[in-house]
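*Asks:* Between the sequences and the hints, there should be enough to build the whole structure, so can you do that?
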Amino acid sequence: MTTIPLTHVLTLAAMLFGIGLFGVITRRNVLIVLMSVEIMLNAVNLTLVGFARYNAMLEGHVLAFFIIAIAAAEAAVGLAMVLAFFRLRRTVNIDELRLLKR
Amino acid sequence: MQGNPGAILPIIIGLPLIGGLINGLFGWKMSRQQVYLVGTGVILTAFFLSVMVFVRLASASGADADASFTYHMWDWIVAGDYKFEFALMADHLSAVLLLVVTGIGTLIHLYSTSYMDHDPGYARYFAYLNLFVFSMLTLVLGKNLAMMFIGWEGVGACSYLLIGFWFTDMQKAEAGQKAFVVNRIGDFGFVIGLFLLMAFIGTVDYAELKTALSDGQALLDNPATVTAICLLLFVGACGKSAQIPLYVWLPDAMAGPTPVSALIHAATMVTAGVYMVARLSFLFALSPTASTVVMIVGAITAFGAATIGLVQRDIKGVLAYSTVSQLGYMFIGVGAGAYAAGIFHLFTHAFFKACLFLGAGAVIHALHHEQDIFNMGGLKKKLPIVRWTFLISCTAIAGVPLTSGFFSKDAILAETLMGEAKAEELANYYERGFRRQARIQLTNEARAKKKLPGAAITPETLTARADQLRAGFIASVKSLRVWHKVAFALGLLGAFLTAFYMFRLYFITFHGEYRGDPHVLEHAHDADWKMATALIVLAFFAAVAGLTGLPYGHNAHNLFFHWLEPSLARGEHFVDIHMTGALEWGLQGLSAAVGGAGIFLAWKLYKDGPSEQSDALKARFEGIHNALTNKYWVDELYHAVIVTPLRGISQVLFALVDRLTIDMTMVRGPGYLLLGLGEIGRRVQTGEVQTYLVALVVGLAGLAWYLV
Numbered sequence: 086m087t088t089i090p091l092t093h094v095l096t097l098a099a100m101l102f103g104i105g106l107f108g109v110i111t112r113r114n115v116l117i118v119l120m121s122v123e124i125m126l127n128a129v130n131l132t133l134v135g136f137a138r139y140n141a142m143l144e145g146h147v148l149a150f151f152i153i154a155i156a157a158a159e160a161a162v163g164l165a166m167v168l169a170f171f172r173l174r175r176t177v178n179i180d181e182l183r184l185l186k187r
Numbered sequence: 002m003q004g005n006p007g008a009i010l011p012i013i014i015g016l017p018l019i020g021g022l023i024n025g026l027f028g029w030k031m032s033r034q035q036v037y038l039v040g041t042g043v044i045l046t047a048f049f050l051s052v053m054v055f056v057r058l059a060s061a062s063g064a065d066a067d068a069s070f071t072y073h074m075w076d077w078i079v080a081g082d083y084k085f086e087f088a089l090m091a092d093h094l095s096a097v098l099l100l101v102v103t104g105i106g107t108l109i110h111l112y113s114t115s116y117m118d119h120d121p122g123y124a125r126y127f128a129y130l131n132l133f134v135f136s137m138l139t140l141v142l143g144k145n146l147a148m149m150f151i152g153w154e155g156v157g158a159c160s161y162l163l164i165g166f167w168f169t170d171m172q173k174a175e176a177g178q179k180a181f182v183v184n185r186i187g188d189f190g191f192v193i194g195l196f197l198l199m200a201f202i203g204t205v206d207y208a209e210l211k212t213a214l215s216d217g218q219a220l221l222d223n224p225a226t227v228t229a230i231c232l233l234l235f236v237g238a239c240g241k242s243a244q245i246p247l248y249v250w251l252p253d254a255m256a257g258p259t260p261v262s263a264l265i266h267a268a269t270m271v272t273a274g275v276y277m278v279a280r281l282s283f284l285f286a287l288s289p290t291a292s293t294v295v296m297i298v299g300a301i302t303a304f305g306a307a308t309i310g311l312v313q314r315d316i317k318g319v320l321a322y323s324t325v326s327q328l329g330y331m332f333i334g335v336g337a338g339a340y341a342a343g344i345f346h347l348f349t350h351a352f353f354k355a356c357l358f359l360g361a362g363a364v365i366h367a368l369h370h371e372q373d374i375f376n377m378g379g380l381k382k383k384l385p386i387v388r389w390t391f392l393i394s395c396t397a398i399a400g401v402p403l404t405s406g407f408f409s410k411d412a413i414l415a416e417t418l419m420g421e422a423k424a425e426e427l428a429n430y431y432e433r434g435f436r437r438q439a440r441i442q443l444t445n446e447a448r449a450k451k452k453l454p455g456a457a458i459t460p461e462t463l464t465a466r467a468d469q470l471r472a473g474f475i476a477s478v479k480s481l482r483v484w485h486k487v488a489f490a491l492g493l494l495g496a497f498l499t500a501f502y503m504f505r506l507y508f509i510t511f512h513g514e515y516r517g518d519p520h521v522l523e524h525a526h527d528a529d530w531k532m533a534t535a536l537i538v539l540a541f542f543a544a545v546a547g548l549t550g551l552p553y554g555h556n557a558h559n560l561f562f563h564w565l566e567p568s569l570a571r572g573e574h575f576v577d578i579h580m581t582g583a584l585e586w587g588l589q590g591l592s593a594a595v596g597g598a599g600i601f602l603a604w605k606l607y608k609d610g611p612s613e614q615s616d617a618l619k620a621r622f623e624g625i626h627n628a629l630t631n632k633y634w635v636d637e638l639y640h641a642v643i644v645t646p647l648r649g650i651s652q653v654l655f656a657l658v659d660r661l662t663i664d665m666t667m668v669r670g671p672g673y674l675l676l677g678l679g680e681i682g683r684r685v686q687t688g689e690v691q692t693y694l695v696a697l698v699v700g701l702a703g704l705a706w707y708l709v
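Protein chains in written order, with this note's numbering: chain E, 86 to 187; chain S, 2 to 709.
Treat the hints loosely; a few may be bogus.
[Claimed, not checked] Ranges between beta-carbon positions, derived for each pair:
1) Thr666(S) x Phe107(E): 42 to 52 Å
2) Tyr693(S) x Thr176(E): 18 to 28 Å
3) Val709(S) x Ala141(E): 25 to 35 Å
Calculated directly from the structure, the hints in this document are not laboratory data. This structure is a prediction, so every number in the text was calculated from the model and none was measured. Backbone N, C-alpha and C define an ideal beta-carbon position, used for all residues, glycine too.
*Replies:* Here it is in structure tokens:
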């Protein structure tokens, strides 16, 4: 099987990160924002695994596992917050999340 | 001489200071008796020390005519050639004042322990009183004009504190303020005069001044400069010693406790101006113009104040105007060149005026704070001690022959009439000044004619011009002679009025029927031993102190004048007093007659209290009576012309400059600026997470670009 050059992996990860970032900044729906965050996390995972494979190290894989676990937890918490906020404000529009504004 | 005999001087001034500090700082913890003991004790000790100084000076006089003790404490300001030092000096003149201040001070402290017995503020009172004595002693014992000025200001401050002692009464507080402000106006003149002296001669030390102004050196050789300095210093004296136009504070000052009036406004503080002129006799003698001004202002004040005293209803009011008037006499004396006579009157006046004030205090105390004499009368039965001491002092002030007041007042009047400045001697003194002036004038004239000055100024023209100036000066000095006669006339009239109004006061208060509340009369009691002691001692001296001034006139040598000679010699050097024996007796007779006439008139009108005759007189001269009762509306005039505009201007300035400009721009400006910036800055906080994220990303990108 032909080896995939590292640069391809990194480029893909970078693009995924960018897409995720764009989604976080731009999208109005809180759920979409959370999904975008997941995309960013996955992009990071891809980078880690790519480097691990390329350099024949196990650390990258291990860290990727950690991130997956944390991402799952964070998604749960995030969704719980969305739920709580929805019960309060009956909306998932992120622009309504302005309780910190004086 | 082992040790410095002058070392006693700082102890003398230090004692009252310590007493004042103890009573002031710890008086609230101390008992009445302790406060009285400390307060009176320090002054009594100071008096004994003063007597010691006097005795030492007396015994030292044999060898050295100009005996004095000095004590240098420290150099206060040293700037290049100029030096102000804290130094004390006791010479013959200051010894007299020293004894007066500490002696009468002790008596008044003693009196106060009884008078202020029911007052809750006794500690404060004695603290202030001690501090006053401290300041007065600094004034008297100062070795230079700066020290005198320190004391000068100090007595002014203490006077303010003591006049406004019962400051919870707004009127009394305002009286204190008035005294201080008017005093300050005088002080301004004093300070400018002091600066001029410093500028022209470079020193304000008395000894150095004397040397600088002696014939050989003549550092101040321009008569105009000397006159200016003297007049400015006299302005200060007017403020402190209540002469026209700065006398208005003294009658108001009667708001203070009566012992304060006795000490400050009769015997000591107000005499500071006279003392200053006498101390600087060698300076004032050099300016006949300034001396004449002093004399005339004194004369007008003496007469004017006496007229106002004629109609006063308040027992202390009469005495207040009487003090202003008598101070006028002292200034007549020192202005006319009769320095010793002026100080002699200061000396005798201290005794009888203090006695009168303390007597008035006793009356007020007995009648439970009644001060209107028309509510009094017939008190001679109830208050015998007060009555007799008051009577003795009245005879003294009226100038009844053989009392102290007679001799001092007569000495002043006689020497004023017969005295004149020695024009020739003064012209000799100013010789250099004339030459310099001649040179300047000739130069200016030549320049005006567009010619070179060199040709115009030859020894002949210079001498001619200088002689011209000299002759002009002599003529002007001689022309001042007439003012002596004016002063004499005013003084004589004033003496008549003095005798009259004092005995009017005496008769209305002590004779006739009691016109007040009978209940008050029941509780009236004579002075207790403390007050009585003070009254009797003072009355005694009021009667006999005059003997130290006997005989006087025409080259006579009496104790008092002879004692003062060393201090006043240079001043008296420039004055001529043409007295003959016959003239002397004549003038004495005239004084006696005038005084007697005044007493007689008062007796006729008031012997049993206010009578129909006095009321008829009042009605007949209603216009004048009105003017006098309103004190010639001087206070109103000052209020309208000075106080109101000043307040108006300050109001305008307050609204315009202070509130509008300064407050708006400088005070609130920065505040508003910050608030504005804050508003702008606030817009960053939208509360939206996405906004913050954008910022985060932008920042991150920037950082990455910068680092990579």
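*Asks:* Look at each hint and say if it fits the structure.
*Replies:* Here is what the structure says about each hint:
1. Separated by about 51 Å at the C-beta atoms, Thr666(S) and Phe107(E) satisfy the suggested range of 42 to 52 Å.
2. Between Tyr693(S) and Thr176(E), the C-beta spacing of about 20 Å keeps the proposed range 18 to 28 Å intact.
3. Checked against the hint of 25 to 35 Å, the pair Val709(S) and Ala141(E) passes, with Cβ atoms roughly 27 Å apart.
Every hint from the earlier list agrees with this structure, and none is contradicted.
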